[in-house]
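S.K.: The primary structure of each chain is shown beneath.
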Amino acid sequence: MKTLKAIRIVAWAAVAIVIGGVATVLVLQQFDDPPIATVATIGGPFSLTDQHGQLVTEASLKGHPSAMFFGYTYCPDVCPTTLFEMTSLMAELGPDADKLKVYFVTVDPERDTQAVLADYLQAFDPRIGGLTGSREEIDKTLSAFRVFSRKVEGEDGSYLMDHTASVYLFDDDAVFTSTIDYQEDDTTALAKLKRLIDGA
Amino acid sequence: MSFHMILAAVAVSVSLVAPAAAHEVTLGSLTLTELWSRATPPNAPTAGGYLTITNTGDTADRLVAVSTAQAGKSEIHEMTVSDGVMTMRPLAEGVEVPANGTLVLAPGGFHLMFMKLQAPFVEGEEVPVTLTFEQAGSVDTFLHVMQIGARGPDGHAGHDDMKMDMSE
Ligand SMILES: [Cu+2]
Chain A
1 MKTLKAIRIV AWAAVAIVIG GVATVLVLQQ FDDPPIATVA TIGGPFSLTD
51 QHGQLVTEAS LKGHPSAMFF GYTYCPDVCP TTLFEMTSLM AELGPDADKL
101 KVYFVTVDPE RDTQAVLADY LQAFDPRIGG LTGSREEIDK TLSAFRVFSR
151 KVEGEDGSYL MDHTASVYLF DDDAVFTSTI DYQEDDTTAL AKLKRLIDGA
Chain B
1 MSFHMILAAV AVSVSLVAPA AAHEVTLGSL TLTELWSRAT PPNAPTAGGY
51 LTITNTGDTA DRLVAVSTAQ AGKSEIHEMT VSDGVMTMRP LAEGVEVPAN
101 GTLVLAPGGF HLMFMKLQAP FVEGEEVPVT LTFEQAGSVD TFLHVMQIGA
151 RGPDGHAGHD DMKMDMSE
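Order-wise, the sequence lines are chains A and B.
FYI, UniProt numbering numbers position 166 of the first sequence as 166, with every residue one higher than the one before it.
FYI, UniProt numbering numbers position 93 of the second sequence as 93, with every residue one higher than the one before it.
Any given hint could be a false lead.
To give an idea of the interface, some chain A residues facing chain B are shown, with a C-beta separation under 8 Å as derived from the structure [unchecked claim]:
hint, residue
1, 159
2, 163
3, 183
Rough simulated footprint, nothing fancy, chain A against chain B, three-plus residues with beta-carbon under 8 Å [as the list claims (entries may be wrong)]:
hint, stretch
4, 24–34
5, 44–57
6, 108–116
Honestly, the hints are just simulated from the structure, not real lab data.
The beta carbon of each residue, even a glycine, is placed where N, CA and C say it ideally should be.
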């Protein structure tokens, strides 16, 4: 009996070691992949039109990862630079870029009409969708995506827009995963996009 | 090889290695370098302009105005990004060039702001500008237009390893 008990103890100890080992591996695996913050509150229903007149809604964000950023064509620096960066990143991704949808959403729909966006976006990757809509629909989208924007009036009726400059990344379920921040280095930005595509 | 041919070869190699945007303007104790801008997307209404101003004098000066025939309206602006939000404001008083110091106008910060563009800024072209300083007065010069997304006056965009049709 004693030997049987000893065997049982050894067996359970072995089980414990195996379980402990598996648990350790699982924990390590989690840390191996840098943690991605999941903020379920970013995103929601919207209904906008791209530069070709196609309807784009929250359903358009499903089935593939997406990158979305917000700006306006009167912006001399951040917006064209971000569009150019996304164009370059898509070129570096190669065929994988087709698995990603990239959207530039105007915060200034009064001036950024479908026609204006169609012209402007010719300088960038043709797969980038430029989204506009009524002021009401844009405002709804901005608030769903927690995007800050503010109109700053000039003295002669002209105006500028302050706005969120980050690129928002979403997985294939339209769940927000992370951002590419303004002037984030290319290597990190490319790694984020690759991770997003590989995870989908 | 004749002496002239050697000279010509030297001249060609110098022009090949010299960065496109290497021109320098002296105005009193101010030296202006790295004068550049970026090509604009089709029908873009605005463009930014950038330069470095070095002041070897013992008194501060101030860049107070900019103008160009290529824009309906030109201003001096400051851009900041904080908490992920981009803010841009005109500086009605201009911006100071410190005594024995340097003022840098560059993407993400101080810039010349051109609005109501009469025509797009085209890569490889030059945009004539007049810059006015409080002390040193005005000077006519030009900005070199680099590619869309260029990060500096040497024309390098974010991704050196890729060649776009619009690059170089
Ligand atoms: Cu500006």
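S.K.: Taking the hints in turn, state whether each one holds.
M.R.: Verification of the supplied hints:
Hint status for residue 159 of chain A relative to chain B: violated, with the closest Cβ pair at about 11 Å, above 8 Å. Proximity of residue 163 of chain A to chain B holds as hinted, the smallest CB-CB distance being about 6 Å (cut-off 8 Å). The restraint placing residue 183 of chain A at the interface with chain B holds, with a minimum CB-CB distance near 6 Å, inside the 8 Å limit. Against chain A, the stretch 24–34 of chain B contributes 0 residues with a C-beta closer than 8 Å to a partner C-beta. That does not satisfy the three-residue criterion, and the hint is violated.
With a threshold of 8 Å between beta carbons, the proposed coverage of the stretch 44–57 of chain B by chain A holds, since 5 of its residues qualify and at least three are required. Note: the stretch 108–116 of chain B has 5 residues with beta-carbon separation from chain A under 8 Å; the three-residue rule is met and the coverage holds.
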